[in-house]
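So the sequences go chain by chain: A and B.
Using the numbering used here, the first residue of the first sequence is number 1, and each one after it goes up by one.
Using the numbering used here, the first residue of the second sequence is number 385, and each one after it goes up by one.
Some hints could be false.
Beta-carbon label-pair distances, calculated as ranges [as the list claims (entries may be wrong)]: (1) A/R157 - B/G642: 31 to 37 Å; (2) B/H398 - A/L51: 56 to 62 Å; (3) B/D643 - A/P158: 34 to 40 Å; (4) B/E519 - A/L97: 52 to 58 Å; (5) A/E141 - B/V675: 56 to 62 Å; (6) B/E507 - A/A327: 34 to 40 Å.
Covered stretches of chain B, going by a simulated chain A footprint (3 or more residues, C-beta under 8 Å) [stated by the list, open to error]: (7) 395-405; (8) 561-574; (9) 644-652.
With the C-beta cut set under 8 Å, the calculated list includes, among others, these residues of chain B facing chain A [unchecked claim]: (10) E425; (11) L459; (12) G506; (13) N552; (14) E600; (15) A633; (16) A636; (17) P639; (18) I641; (19) D656; (20) C673; (21) V675.
The hints are simulated quantities; they were obtained by calculation from the structure and are not laboratory data.
For glycine and all other residues, C-beta sits at the position ideal for the given N, C-alpha and C.
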Amino acid sequence: MPAPETGLPKGAPILEVEDLHVTFRGRVGLIAGLRGQKGTRSRAVDGVDLLVRKGEVLAIAGESGCGKTTTARAIMGLQEVESGTIKYEGKPLPRNLKPYLRKVQMVFQDPTGTLNPRQTIYEIIAEGLRIHGIDRGPDGEPEEQLVARALSRAGLRPPDRFFLRYPHELSGGQRQRVVIGGALVLEPEVIVADEPVSNLDASVRGEILQLLMKLREDLDLTIVIVTHDLGLAWTVADRVAVMYLGRIVEIGPAEEVLLRPLHPYTKALLDVVPEAGGLDRPILTGEPPDPTKIPPGCRFHPRCPVVVSGKAAELGIEAACKGEDLALEEIQPGHFSACHASRQLGAEAAAAAIAAAGAAVAPEPVAEDGRTDDAASDEPPDGT
Amino acid sequence: MSVLSLKDVHITYHTASGGVPAVRGVNLEVAKGEVLGLAGESGCGKSTIAAAILRLLPGTTKVEGSITLDGEDVLAMKPGRLRAVRWTGASIVFQGAMHALNPVQRVGDQIGEAITVHNQAGEREARVRVGALLEQVGLPTRRAMDFPHELSGGQKQRVMIAMALACNPSLVIADEPTTALDVMVQAQVLRLMKELQRDLGLSMVFITHDLSVLVETSDRLAIMYAGKVVEEGSAATVFHDPKHPYTAALAAAFPEIGDRRFRGNPTGLGGDPPDPQEIPSGCPFHPRCSVAFADCERTVPELFPAGEGRRAACLLVEGAKTVATGVSE
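So that you can see chain A by itself, here it is in the shape it has in the complex (with noise of 0.2 Å):
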């Protein structure tokens, strides 16, 4: 298979999240809810505009809350959302969302989760085309042909050997195939995969991710990838997306983020990847911090190298950081990036300030994962 090209993908907007935001209430006691308290709101997608191509497998990565999944599950109209647009083909949803979810089907993290136990395999594939009353296929295929095509697609052959089973009669890896067998079965032209191998043995990983490709291939399908791992956006994205605290910090083609990142904390991603460079490169102290307080500024600056260390005082972008919230801006073409050092600098300068921030920082000592701690307590609360 050809390496997919670096550059920008070609294809025609598929779909476009515009402007999302999603907010999760925290619950409040009796009393305190009587007294007209509320909850604290937690900011879990703030502000996310994406847009996918035609044919491109896009990875969506970040931290645990991050927001990435919660994006996911917004784009699958799993998720109530606050605010913002979500268009496909350039309309935006319909209230009734049936005929799109026919063309959009997710794939979840957790195959064991995600399967009924006790539907055989046959009725777990056979499920969708019911919800959706297709009881033919384009040609007039019967269901029975349908199912065995969707199974065989998702290399599961041959198919009619599986019709009887269970779940719990296949491995982890025949399972997630199960899974993404139930997702073509309505022959989608987009699929949304919440963290596909996670649950995977090591040695399984690639066989699903070949499988992925292969589809993309012979399908034309269009794939969005939400994971954390970004060796896996290395072998199968075109794009990648880098999400923080709710927003996407850089985005653009994936060798262009993952060989010369435009974000501090896409590299600080990078630099914990295992075995990119021992465990003397720098690693970021301390969690992502909470939704519910997002930072002034840049939502990254608490955390990140180069202010951390000086480097942004230094250059005289400071002020910047710690005060001007920013949002992605196109430093080089199709590669967005939000982040003062980037925008003011430009990129080279930008990539060797984070390097040499990297470097300032890189032997600290283990502190405290502390967010509750002194993380917090300098960041004002949120403007609700």
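Assemble chain B onto chain A, guided by the hints.
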């Protein structure tokens, strides 16, 4: 003398459908201050070995061969002696930190319990020691008063590590210590473990399916497949220059970013791990092996020497050796 030594260990689980051989003749040595990485996919027997070292397996399980810890035969220990050795001789950092801690006990008390139960110190002294341990793993002393739910995943795993160190064991077994953690936190915990190991001169057995994690943390690697070690050697050489096709497949599952061979081309291993009750004939890996030949179906490969300090159970390695000796002679 090695801290841990396993000689021809066979472990068979007892089930309703008969015996399930999970470990089938494993030899392992861990020298003082050494970190041994044990890798393989689910069901290869790696966690079974971890549990067998402290005799944590169900009573019906049959364990044969010899397991010695600091020169003492673990399999022959009387219950009292076994209880004393657990945690003081060898301790385990379990996989799911979130489930391994007691949710209704303060974490300081949980660590302290290990110390007092083993009569290493009285209540008061134990409290001081708990504070020191928490600082050692990068948590402030006051965290001792917290309940597990007040800690994040990474912090809980730090508590588990502090607990494992509580009685100064000569061996720490880490069974998938970072699998449930996020990438950034995983890196923090791995660095902590590596620093502690270096500073305290700990001997460790590090178990995971992620070879790229092992190559950073371990001195030596042993790769397991279907209950047997199929390759061993120094961590970097095994990872970067695998001799066994299975090791190569495992290593390729975690490609390096920037390696163009993998760009747009995920590599995987066909098929599924073998059922321990129906292990294939000959080399157990042959049905999934891309370079298998006719002999592989018939001959069970032993661990052949494969370079300096390395061994691999593959007939191709044996073939290479014959060729090499033929030339030198």
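Okay, the hints, checked on the actual structure:
Range check, A/R157 to B/G642: about 35 Å between beta-carbon atoms, so the 31 to 37 Å window is met. The hinted window of 56 to 62 Å between B/H398 and A/L51 holds, with their beta carbons roughly 58 Å apart. Against the hinted window of 34 to 40 Å, the Cβ-Cβ separation of B/D643 and A/P158 comes to about 36 Å, which satisfies the hint. Separated by about 53 Å at the C-beta atoms, B/E519 and A/L97 satisfy the suggested range of 52 to 58 Å.
A/E141 and B/V675 have their C-beta atoms about 40 Å apart, which leaves the hinted 56 to 62 Å range violated. The hinted window of 34 to 40 Å between B/E507 and A/A327 is violated, with their beta carbons roughly 57 Å apart. Coverage of the region 395-405 of chain B by chain A is violated [criterion: at least 3 residues with CB-CB distance below 8 Å; count 0]. For the region 561-574 of chain B, the proposed coverage by chain A is satisfied: 8 residues have a C-beta within less than 8 Å of a C-beta in that chain, meeting the threshold of three.
Counting residues of the region 644-652 of chain B whose CB lies closer than 8 Å to any CB of chain A gives 8, so the stated coverage by that chain holds, three being the minimum. The interface hint given for B/E425 holds, since its Cβ lies 4 Å from the closest Cβ of chain A, which is under the 8 Å cut-off. Taken as an interface hint, B/L459 does not check out: its beta carbon lies about 30 Å from the nearest beta carbon of chain A, beyond 8 Å. At a threshold of 8 Å, the smallest CB-CB gap from B/G506 to chain A is about 28 Å, leaving the interface hint violated.
Taken as an interface hint, B/N552 does not check out: its beta carbon lies about 21 Å from the nearest beta carbon of chain A, beyond 8 Å. For B/E600, the shortest C-beta to C-beta distance to chain A is roughly 6 Å, which falls under 8 Å, so the interface hint holds. Hint status for B/A633: holds, given a least beta-carbon distance of 6 Å to chain A, under 8 Å. With a cut of 8 Å, the hint placing B/A636 at the interface with chain A holds, because the nearest CB-to-CB distance is about 7 Å.
For B/P639, the interface hint holds, the least distance from its beta-carbon to any beta-carbon of chain A being 6 Å, beneath 8 Å. A hinted interface residue such as B/I641 counts as satisfied when its beta carbon comes closer than 8 Å to some beta carbon of chain A; here the least separation is about 4 Å, so the hint holds. Taking 8 Å as the C-beta cut-off, the interface hint given for B/D656 holds, the closest approach to chain A being about 4 Å. For the restraint placing B/C673 at the interface with chain A, the shortest Cβ-Cβ distance is roughly 12 Å, beyond the 8 Å limit, so the hint is violated.
Taking 8 Å as the C-beta contact cut-off toward chain A, the hint placing B/V675 at the interface is violated, the least distance being around 16 Å.
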